[in-house]
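**Student:** Between the sequences and the hints, there should be enough to build the whole structure, so can you do that?
Chains as they are written, first to last, in the working numbering: chain A, 4 to 476; chain B, 6 to 209.
Among the hints, a few may not be true.
[Claimed, not checked] For each label pair, taking beta carbons as the anchor points, the in silico distance ranges come out as: (1) PHE101/B with ARG321/A: 18 to 28 Å; (2) ALA123/B with TYR437/A: 45 to 55 Å; (3) ARG107/B with ASP366/A: 22 to 32 Å.
[Claimed, not checked] Just a few of them, taken from the derived set where beta-carbon distance is under 7 Å, the chain A residues facing chain B: (4) GLY255; (5) LEU278; (6) PHE280; (7) THR281; (8) ALA296; (9) GLU298; (10) THR301; (11) ASP324; (12) LEU326; (13) PRO347; (14) ASN374; (15) ALA375; (16) SER457; (17) ARG460.
Hint data in this document are derived by calculation from the structure and do not stem from the laboratory. Just so you know, even glycine gets a beta-carbon here, dropped at the ideal spot from N, CA and C.
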Amino acid sequence: MRRKDGRTEGRKLCWAAVGCLLTLSVLPSFRLSAQDTSAIDRGVRIGIVYRPGVRPGVVLLPDRSTALDSVRAILARDLDYSDRFELITLPGGDSIRVSAPAAARAPGARTTAGARAHTGGEAAGLNYPLYQALGADFAIALAAVRDTTQVTIHDVTAGAVRRLLKARLPTATSSQFRMAVHRLADKIVEATLGTAGTAATRVLFVMDGKLYQIDSDGAGFKEILSTKGRAILSPVWDRDGRRIAYMEFWSGHGQLFVQDAATGRRRAVTDGATLDFTPVFSPDGKGLTFSRAIEEGTDVYTFNLRDNCCLQRLTVGRFSDNLSPAYSPDGQRIAFVSTRPGLPQIYVMAADGTDEQLFAPFDYGVTGSSNAPDWSPDGQSVAFHRDVAGTLQVFVLDVRTRTVRQLTSLGRNEDPTWAPDSRHVAFVSDRSGYRQLWVIDMETGRIRPLLQQSGVRLPAWSPRLPETEQSTP
Amino acid sequence: MTRPLLLVLAGLVTAGVVACGGNPQPATPAPQANADSIAAAEKARQDSIAAAEAAARAREEAERVARQRTADSLAALGRGTEAVRTMLATMIHFDFDKSNIRSDDAGTLDQKVGILQANSNAHIRIAGHCDERGSDEYNLALGNRRATAAKQYLVSHGIDGGRIETQSFGKERPLDPGHNEEAWSKNRRDEFDITSGGDALRQP
Numbered sequence: 004m005r006r007k008d009g010r011t012e013g014r015k016l017c018w019a020a021v022g023c024l025l026t027l028s029v030l031p032s033f034r035l036s037a038q039d040t041s042a043i044d045r046g047v048r049i050g051i052v053y054r055p056g057v058r059p060g061v062v063l064l065p066d067r068s069t070a071l072d073s074v075r076a077i078l079a080r081d082l083d084y085s086d087r088f089e090l091i092t093l094p095g096g097d098s099i100r101v102s103a104p105a106a107a108r109a110p111g112a113r114t115t116a117g118a119r120a121h122t123g124g125e126a127a128g129l130n131y132p133l134y135q136a137l138g139a140d141f142a143i144a145l146a147a148v149r150d151t152t153q154v155t156i157h158d159v160t161a162g163a164v165r166r167l168l169k170a171r172l173p174t175a176t177s178s179q180f181r182m183a184v185h186r187l188a189d190k191i192v193e194a195t196l197g198t199a200g201t202a203a204t205r206v207l208f209v210m211d212g213k214l215y216q217i218d219s220d221g222a223g224f225k226e227i228l229s230t231k232g233r234a235i236l237s238p239v240w241d242r243d244g245r246r247i248a249y250m251e252f253w254s255g256h257g258q259l260f261v262q263d264a265a266t267g268r269r270r271a272v273t274d275g276a277t278l279d280f281t282p283v284f285s286p287d288g289k290g291l292t293f294s295r296a297i298e299e300g301t302d303v304y305t306f307n308l309r310d311n312c313c314l315q316r317l318t319v320g321r322f323s324d325n326l327s328p329a330y331s332p333d334g335q336r337i338a339f340v341s342t343r344p345g346l347p348q349i350y351v352m353a354a355d356g357t358d359e360q361l362f363a364p365f366d367y368g369v370t371g372s373s374n375a376p377d378w379s380p381d382g383q384s385v386a387f388h389r390d391v392a393g394t395l396q397v398f399v400l401d402v403r404t405r406t407v408r409q410l411t412s413l414g415r416n417e418d419p420t421w422a423p424d425s426r427h428v429a430f431v432s433d434r435s436g437y438r439q440l441w442v443i444d445m446e447t448g449r450i451r452p453l454l455q456q457s458g459v460r461l462p463a464w465s466p467r468l469p470e471t472e473q474s475t476p
Numbered sequence: 006m007t008r009p010l011l012l013v014l015a016g017l018v019t020a021g022v023v024a025c026g027g028n029p030q031p032a033t034p035a036p037q038a039n040a041d042s043i044a045a046a047e048k049a050r051q052d053s054i055a056a057a058e059a060a061a062r063a064r065e066e067a068e069r070v071a072r073q074r075t076a077d078s079l080a081a082l083g084r085g086t087e088a089v090r091t092m093l094a095t096m097i098h099f100d101f102d103k104s105n106i107r108s109d110d111a112g113t114l115d116q117k118v119g120i121l122q123a124n125s126n127a128h129i130r131i132a133g134h135c136d137e138r139g140s141d142e143y144n145l146a147l148g149n150r151r152a153t154a155a156k157q158y159l160v161s162h163g164i165d166g167g168r169i170e171t172q173s174f175g176k177e178r179p180l181d182p183g184h185n186e187e188a189w190s191k192n193r194r195d196e197f198d199i200t201s202g203g204d205a206l207r208q209p
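**Tutor:** Take a look at the structure:
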């Protein structure tokens, strides 16, 4: 954060300089590079390999036309929430035209139709040194060309257009609109940094026994399901984002359902005669693995969804409980909770139930209960929550080194769920006084509220969601 | 008191005379009302009313007593069942994150053993509950442990396990909605319900 503030300060200085230079308009490139205090940083960033703590600056270019304002606003927020960029806002917004009169300086290489089309006829001439002075590594221009939205990504450092993206967006009133823009944002992240963003995702959660979803940017709050007399608990996504599973709970009974995310059609997987809970899809999508509580105790079972058969018990816990399975992304291992040391702790086993061993180290008699493991999509980490001094905190286990680090400390924080980028984690926190959904970025430590509603429980972050209709020409 | 009464009687007599005025009587003096006899008649009349009322009251009282007697005997039956039912429903409590039976709850469970032995038709259900502090999902397993811990105690004291059903509510149904240790200690509990054979329960 200190670095960020420093850069902001630097930018303010730059702005003063820019004001002068715009007036003088003489050899701006030479002067700007002389004035730029962050030249060393930018030198490091030329490789465009993401490095924690050094975030490339990005500027979303304003436009005279208001047609794409809502697209621009959604994109700007998505890029900000990706925590991968330093978002640069131009003072005065649309009123200041920060284009260079010296368009002739633009290299002849940029002669594509797309480059000509963007930003209301400003043509290819982007004053790269100016945006460089503002701290931008990328400048993004939006343009509407007939029914297609064109996104021109300028590599400011290289002084050239890096990518031209085209998307046929639904009308702003369409229910598909926001998600289509989120997909565009993810493509911008991929085009600039080489790794896709996570804007086109949703988070499922439970509130007052009902199932809800919300988009990754906090919009699209929507009730998915409520069942009379039954409480919905423990929602989860399958790996391709097409199906969800959850538990319906009533009078000590827990029944598991698998539901098509698009149509809402569902089927019961278990009969509700027992208490079945914490369902999770196997990464190959063939199986549903879950906890079943019977008089002998709670153990992990797996059911073959594809053949609708073959219930198999994976743990045999005689005097302990085993629950809350979480697959490694390769499907080879399952992290789970076991009470064999007395209090619940995080264990791991092979997917067939063999080779059980302690996963997250703890001090016997000192460390509190550890629960709710979620394996990151890149396989490198397992997030869980642990009782610290009578309240819960989110921890992350490094799978390779088997070391844990505490991620939260303010208030009660629980039920972490990974974003598909394996760097953002959503969790429930009462740090505001109410139990709300929050998102933390593991790299920058930035924490933002995802949803203001209170009484939220058991969030589940989706994978990148599949397109339900063609939106890319 | 007597003056107004006399005036009224006098008035009535006068009115009678006027009503029969079609046949004027010789000027015989109007008969003097005998105040004493009128009062006596009136008293007798009122006495008879009172007697009738008293009789009615007595009848009602007799009926009420009879009803009460029936009700009392029914209630006595019910009270016995109710007392046993209350004893059977007495909850037991647990320490935080624990499912072992506390020593101060062993007596409560021993009482249930006696009741279940005296009422061999009675079947019960034990529901395990947790406080809000633990994890949502883990509490389902913990509640299950708490219910089965009590069942195991009863079974180990000779009760047929087939008469006891267990279930877990996790932390989904707190008894006390408070957010302090007083509420939490109440919420970490096993509840006991009679599922069948509970219409007439005998004392152990």
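**Student:** Take the hints in turn and mark each one as holding or not.
**Tutor:** Consistency of the hints with the structure:
1. PHE101/B with ARG321/A: 18 to 28 Å: holds, 24 Å
2. ALA123/B with TYR437/A: 45 to 55 Å: holds, 50 Å
3. ARG107/B with ASP366/A: 22 to 32 Å: holds, 26 Å
4. GLY255: It holds, given that the least Cβ distance between GLY255/A and chain B is near 3 Å, below 7 Å.
5. LEU278: Where the cut-off is 7 Å and the nearest Cβ of chain B is about 6 Å from LEU278/A, the hint holds.
6. PHE280: Holds, because the Cβ-Cβ distance from PHE280/A to chain B comes to roughly 5 Å (cut-off 7 Å).
7. THR281: holds, 5 Å
8. ALA296: holds, 4 Å
9. GLU298: Interface hint status for GLU298/A: holds (5 Å vs cutoff 7 Å).
10. THR301: holds, 4 Å
11. ASP324: holds, 4 Å
12. LEU326: With a closest approach of 5 Å, the LEU326/A hint holds.
13. PRO347: holds, 6 Å
14. ASN374: holds, 4 Å
15. ALA375: Where the cut-off is 7 Å and the nearest Cβ of chain B is about 6 Å from ALA375/A, the hint holds.
16. SER457: Hint on SER457/A: violated, closest Cβ of chain B at ~14 Å, above 7 Å.
17. ARG460: holds, 6 Å
The structure fails hint 16 only (numbered hints given earlier).
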